[in-house]
Amino acid sequence: MDRVLPNEWLLQVKALRTKFYTFEGELDAVNGVDLEIRRNESVGLVGETGCGKSVTALSIMKLIQDPPGKIVSGSVLFKGEDLMTKGTDEMRAIRGADIAMIFQKPMSSLNPTFRIGTQMADVISLHQQLGKKEAWDRAIDLLRSVRISLPENVVKQYPHELSGGMRQRVMIAIALSSNPDLLIADEPTTALDATIQKQILTLIGDLRREFGFSMLFISHDLRTVYNICDRVYVMYAGNIVEFGDIESVFDHPGHPYFHALMNSLPKFALKNDSLAAIPGTIPSLLNPPPGCRFHPRCALALERCQREIPLLREVKQDHWVACFRAM
Amino acid sequence: MASYFRQRILQRILQVVPVVMLAITVVFFISRLIPGDPARLIAGQFADEEQVQQIRKEYNLDKPIPVQYFLYLRDTLRGDFGTSMHTRRPVMEDIKKFYPATIELGVVSIFLVIIIGVPLGVISAIKKDKIPDHFARFFALGGVAAPVFWVGILLQLLLFYKLGLLPVGDRLSYGIAPPQHITGLYIIDSLLTRNWEAFWNAIHHIILPAMLMSVSSMSSVVRQTRSEMLNVLKEDYVTFHTAYGLADRMILYKYALRNALTPTVSVLGLVFGLLLSRSFLVEAVCGWPGIGRYVALAVLSSDFPAIVGATLIIAFSYALINLVVDIVYMLLNPKVRV
Amino acid sequence: MDVGEAKKQQLRYALYSIRKSPMAMIGIFMIAIVVAIAIFAPYLAPHPDGVYHVNIKIRLQAPNREHPCGTDDHGRDILSRMIFGSRISLQVALIVVSLATLMGTTLGLVSGYYGGMIDNILMRITDAFLAFPPLVLALCIQAALGPSVSNTMIALSLVWWTWYARIVRGQVLSIKEELYIESARTMGVRHFRIMFRHILPNCVAPIIVQGTLQMGYAVIATASLGFLGIGAQEPIPEWGLMVASGRSFLPDWWWISTFPGFAIFWMVLGFCLLGDATRDIYERS
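Residue numbers (our numbering), protein chains in the order written: chain A, 4 to 330; chain B, 348 to 685; chain C, 28 to 312.
Hint data in this document are derived by calculation from the structure and do not stem from the laboratory.
Some clues are possibly wrong.
[To be verified] Restricting the straight-line Cα-Cα distance to at most 27 angstroms, the calculated cross-link-like pairs of lysine-lysine (BS3-like) are:
id	chain 1	residue 1	chain 2	residue 2
1	A	Lys136	B	Lys601
2	B	Lys601	A	Lys108
3	C	Lys47	A	Lys73
4	A	Lys89	B	Lys581
[Unchecked claim] Computed from the model, here is a short list of chain B residues facing chain A with C-beta under 7 angstroms:
id	residue
5	Tyr584
6	Ala590
7	Gly592
[Stated by the list, open to error] Coverage of chain C stretches by chain B, computed from C-beta distances (three or more under 8 angstroms per stretch; other residues unrestricted):
id	stretch
8	79 to 92
9	152 to 160
In this text, a Cβ means the ideal position worked out from N, Cα and C, and glycines have one as well.
Okay, chain A solo, but in the shape it has when bound (with noise of 0.2 angstroms):
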């Protein structure tokens, strides 16, 4: 899976579609979603909690528990090929290997019985075929380079020896060890102290900038996003209503959504406009609102937005909104 692709798409998410059946009924969870990665690019999700983010990013990853949830359509184009038309033994392959991801709770992402080294020596046999005393070499190699101290005695010991910091970096590096193209990470600083915080995101921007993988950052985080990525996504209630380079989208949110939530926040409110909570709650996924699922909170909506999904349209350069009123 080397091949060097004319048009230098990584990763090409196309209408995909998540579902999940539960008692109280069917859940839209992913619904239409179209995502694009290039080579060596950081690209930004974002979107208030039960937005789907995370959602995504396992359906990319097939990590879709089924029953109860269901990949429904779509197709993600990794390298070119599809993942959906793989079976298992090949996505388990890929799986930290090509495409590695990094979880939000370090803490219950680690198995609490069995030591660090263990885990992390699993990992590295498995997709570099080393023996377990190379693997375990590696695996200190590995956590040196996550600038985690005494690594010799880390490595022996149990996930609930280690302070918050270092698990994630410990997951950080499992998720390098075998050189990915992908680096998926599902808001990795949101349980960590803001000091941590800032201590891992500037390791990922090192280790960024030394291996040169891409990387999906999923947040709700939008200072963070806005301090790391090239482009961003923005979904809400299951659909991207806005993406494009970071700058344009950010500054000049077109999404009412987005402009919205970018006016609740402090550094990111427009000149004169004061800080207005957005009125109303997500709609369940359960029975969303027909049309724009954003029109009952919606301050521009139209007769409409009530009946016809708006799709994305480039408004500006290199910057699409889905919305019949895009500002």
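Fit chains B and C to the given chain A structure using the hints.
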């Protein structure tokens, strides 16, 4: 080991004492529940008045109840349970003779319960609500519901009478001498002394009763493993293992199982208890010369010293087993360890 | 939503879950059959007088059209005995579970509510009872009382009330805490009434789960004691006793032990399926 931890273990050990004392007391009260003259019951209906008086004196039945209790307590703690009516030997001697057989049966049965029960629970959890799940749960439930003695008879009909595959009765075939006594457990003793004839013969004899015991006691292990596994499979680290491409088998049997097994250990105490009480029936049906059969025979002849003695020994063993299980659980629990 | 409404909805959901669970429905079906057989025994048994009447001429007959399950060594029709035996098993189970529930609930309530010395004593007693593996203590008591069905019922009730006492006491304690925190100034009478209105509804579910399972255990225990020869005595058609009496006739006259054992299996399995399913539902909520 932290001193707090040591304290907790000590506490747990000390808990055994009052429970044992209470058990002894309860048995005392029960043995005095008998309507009618206990001395006559022990002596039997053909004894004359003089013999009954003798018995009364011998068993202190002519003294007031508090004194009786005290004497009974003293004797029990010394291990003196009196003489068995149906074997005419001191009860303690009988117990020493027959207990190893039950222990051996119990150990083999627990082994089988774990070897069969845990994988069944795991399969149940993985294929939740599908056919293998229903089958495994039905099998486990069926094991509990089917009366042990009935299944024993059916197995005997099939494997002994019809097919002649397995023997019935006793621990070794007639003509084979028991191995040199080291532990009293024939399988281990014959292994240690390289007595292969006795070894295979002993195994041959233990299969039927052990199968019987284990199938009928498996249900709680299957259920517990299943529910713990289900909890573990929902944990984030399982997603993590999958996200890094680890094979399903490794995830389940290496990573998930260790987390699921620890709470399952706590169920083992109950399983032992079940095995102990099943021993009466299984040993009676299979003719296995253990404490269970001893009690079954004693009960038929109203042999109270034997019943009391055996019951107390069983209660003590149960308390001891629970103690060990609890301590093992405390040791395994990673949160307590460090 | 007040407590009553919430409980009603919980009940509705529980019944719905039971209907959805195949195991529960099969269990109910199996139990219903046994109950029907017990009720209509005289009409269903092919030889109702053959239950006790000895007829040497037809002894040890293999299963045939006249006697679908064969006859035993006294010439009694085994199927008819099985059918009438269902009455015994069912009666014992019902009485034992009712008595145990009654005793256990009362003692648990008293113990939890009054606390102090009474509570302590009671807890020590239940500990002592639970220190014995199941059946061992019941066996002891039965041996002391003498062999009969009624003594079996007494023995089992005396041992099993402890389960219910613990469950109820647990509920009482947890409610007591809530109440004391909330209403320190309330009068004693008010407390008492409120506790009853809150405790008992909470106890109903676990008691039903335990009770269903114990019905099954009661049948097995009765049969086990009957098998060992210290429960029901001849000529009562108790299933365990019937299995035991057939032992000396193995293997040639295998039907004497086989069929009654199957009846025990059927009945206990029914209760276990239902009990297990209800336990799952209860634990999930």
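Status of each hint after checking the structure:
1. A distance of roughly 19 angstroms separates the Cα atoms of Lys136 (chain A) and Lys601 (chain B); the hinted pair therefore holds under the 27 angstroms criterion.
2. Distance check on the hinted pair: Lys601 (chain B) and Lys108 (chain A) sit about 22 angstroms apart at the alpha-carbon level, within 27 angstroms; holds.
3. For the proposed pair Lys47 (chain C) and Lys73 (chain A), the alpha carbon gap of about 24 angstroms is at most 27 angstroms, so the pair holds.
4. For the proposed pair Lys89 (chain A) and Lys581 (chain B), the alpha carbon gap of about 25 angstroms is at most 27 angstroms, so the pair holds.
5. The beta carbon of Tyr584 (chain B) is positioned within 7 angstroms of a beta carbon in chain A (closest approach about 4 angstroms), and the interface hint is therefore held.
6. Nearest Cβ of chain A to the Cβ of Ala590 (chain B): about 5 angstroms, under the 7 angstroms cut. The hint holds.
7. For Gly592 (chain B), the interface hint holds, since its Cβ comes within 7 angstroms of a Cβ in chain A; the closest pair sits about 4 angstroms apart.
8. Requiring three or more residues with a Cβ within less than 8 angstroms of a Cβ of chain B, the coverage given for the stretch 79 to 92 of chain C is violated, as only 0 such residues are present.
9. Counting residues of the stretch 152 to 160 of chain C whose CB lies closer than 8 angstroms to any CB of chain B gives 7, so the stated coverage by that chain holds, three being the minimum.
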